[in-house]
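Residue numbers (the working numbering), protein chains in the order written: chain B, 1 to 418; chain S, 419 to 524.
Treat the hints as calculated values from the structure; they're not laboratory data.
Owing to the predicted nature of the structure, the values given are computational and were not obtained by experimental measurement.
Don't take each hint at face value.
With a cut-off of at most 30 Å between alpha-carbon atoms, the simulated BS3-like pairs for lysine-lysine come out as follows [stated by the list, open to error]:
1. B:Lys74 / S:Lys430
2. B:Lys125 / S:Lys478
3. B:Lys112 / B:Lys175
4. B:Lys325 / B:Lys344
5. B:Lys325 / B:Lys112
6. B:Lys125 / B:Lys77
Not everything, but these chain S residues come out facing chain B in the computed CB check (under 7 Å) [as the list claims (entries may be wrong)]:
7. Cys458
8. Gly459
9. Ser463
10. Cys464
11. Glu486
12. Glu487
13. Ser488
14. Pro494
15. Phe522
16. Tyr524
To list a few chain S residues with every Cβ distance to chain B over 10 Å, as calculated [what the hints assert, rightly or not]:
17. Glu426
18. Lys430
19. Asn449
20. Pro452
21. Thr466
22. Ala474
23. Leu479
24. Ser480
25. Thr485
26. Pro498
27. Asp513
All C-beta atoms in this analysis are idealised placements derived from N, C-alpha and C, irrespective of residue type, glycine included.
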Amino acid sequence: MSEAISLNQSALDDPWSVPLSELDPSQPAVFQTDSQFGFFERLRAEDPVHYHEDSIFGPYWSITKFNDIMAVDKDHKRFSSDPGITLTERQADFSTPNFISMDPPKHDVQRKAVTGVVAPVNLAKLEPIIRERAANILDGLPIGETFNWVDHVSIELTTQMLATLFDFPFEDRRKLTYWSDMATSGELAGGPTPEPARRAAMLECLDYFQRLWREREGVAPDVGIDLISMMANNPDTQDMDPMEYLGNLILLIVGGNDTTRNSISGGVLFLNENPDQYAKLRANPALITSMVPEIIRYQTPLTYMRRTALEDVELRGKTIRKGDKLAMWYVSGNRDEEVIDRPKDFIIDRANPRHHLSFGFGIHRCMGNRLAEMQLRLLWEEILNRFEHVEVVGPPERVQSSFVRGYSDLPVVVHPKR
Amino acid sequence: MPSVKFIEHNGKEHVVEGDNGDSLMVIATSNLVPGIDADCGGECSCATCHVLVDDAWMDKLSPISETEESMLDLNPDREPNSRLSCQIPLSDDLDGIVVNLPEFQY
């Protein structure tokens, strides 16, 4: 055990110093210490389709080049999303199926039941609401003192948004944040939350949402455009069993919350790390349009998606066997110099900024991608209206996960415009 | 060179020429016609180059592939004349084709 830990530490200190077989990016410590890019640079250079014989998740393949990831992501016939999209094995006694972890045709009907909530016509209605909320949050920030941007802004804005999409009791909205964090921080995924505590939180979430379901079941569809009413009144989803309801809730809560939250925090950090880009933005706020997808590329809030091979597949001369697990490391493909110009640089006015992997490609592509972009755009417009500088005054704290690339603390001081 | 007429959602028309074999997506984006995002760059895997083909031209197009079908199918705003413009290569037969752009891509 101690030998494994010391090898791990060597890899974190210098990923080029250890044998390739010791380089395992699925360890949460890699991301918690922000050491991942060296790992992936070496994997892309030396073995871009790499088989890890062992990890806390068992054996798996790392796919690290942009175009290989695109090829696997598109190929849902040979690379299944069932039984799950993280490397963690599904627990037979606590299985929470959801549509991102399904293949067609069931995936398609369940996704279609809820996708209308982020349809463009609905986004247009949400825009003024989000702008007003962003303005209120920013106007309430303390001036002249250090505070945690993650909690005050990133979590608050995304959680308010999510409460609206579920028509969830607004005063209880931080429960959504709590359930989202519990869902992704389980010890089986290498996180800090003991499995019994995670399950208890998930059942509490189910219990709460079952009450909302019962209230909205049978209500005329034109009354509710919220996600719960949509699922409760659609023939394709109204008969879901409780654990499948829970699975889809967690998918929508994590997808609508954790991801945008971390891109909001990441954007502040990246602009502070790149003062020339921050100056360019202040001089020309219209660059928000191209900055937003660049933030999402640079952050890559979900580091990978897992697939499972349904048959033997050749990729770059390697044979991926039927039943093998693959991690498509979006966070690596987004730094692939063969596809992205100067990928290590944060450049707010790139050409083709949306050509990144953070939303995935193919039938499982993020359905909320335009909502995510809109939230970031509106928030940055309102930030630039008010603040000369959102100054990062200390190092960020990162979450212990190899799936969610996120922050728990980002200390800042805001400087209002004169 | 054959030409394409793109009509924005607000009615603004763009008539542009393109090379045979280039997709309508490439022709639109390389001529800065607004309304096509093409996030994936022509891989038929994001559906953000969605267009509505003028009915008169529908019969002249090659059939929808299984991959294009699976992407179009997920769009709640899909119409009978919906296509992904990255999957329509321009040819002399399509000289003058008219395509309408949706209000939003997603």
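Quick rundown of the hints versus the structure:
no. : hint                : verdict
1   : B:Lys74 / S:Lys430  : 34 Å, violated
2   : B:Lys125 / S:Lys478 : 38 Å, violated
3   : B:Lys112 / B:Lys175 : 26 Å, holds
4   : B:Lys325 / B:Lys344 : 28 Å, holds
5   : B:Lys325 / B:Lys112 : 27 Å, holds
6   : B:Lys125 / B:Lys77  : 37 Å, violated
7   : Cys458              : 5 Å, holds
8   : Gly459              : 5 Å, holds
9   : Ser463              : 4 Å, holds
10  : Cys464              : 6 Å, holds
11  : Glu486              : 12 Å, violated
12  : Glu487              : 11 Å, violated
13  : Ser488              : 5 Å, holds
14  : Pro494              : 5 Å, holds
15  : Phe522              : 3 Å, holds
16  : Tyr524              : 4 Å, holds
17  : Glu426              : 15 Å, holds
18  : Lys430              : 19 Å, holds
19  : Asn449              : 15 Å, holds
20  : Pro452              : 12 Å, holds
21  : Thr466              : 8 Å, violated
22  : Ala474              : 27 Å, holds
23  : Leu479              : 22 Å, holds
24  : Ser480              : 19 Å, holds
25  : Thr485              : 7 Å, violated
26  : Pro498              : 17 Å, holds
27  : Asp513              : 28 Å, holds
Violated hints for the displayed structure, listed by number in ascending order: 1, 2, 6, 11, 12, 21, 25.
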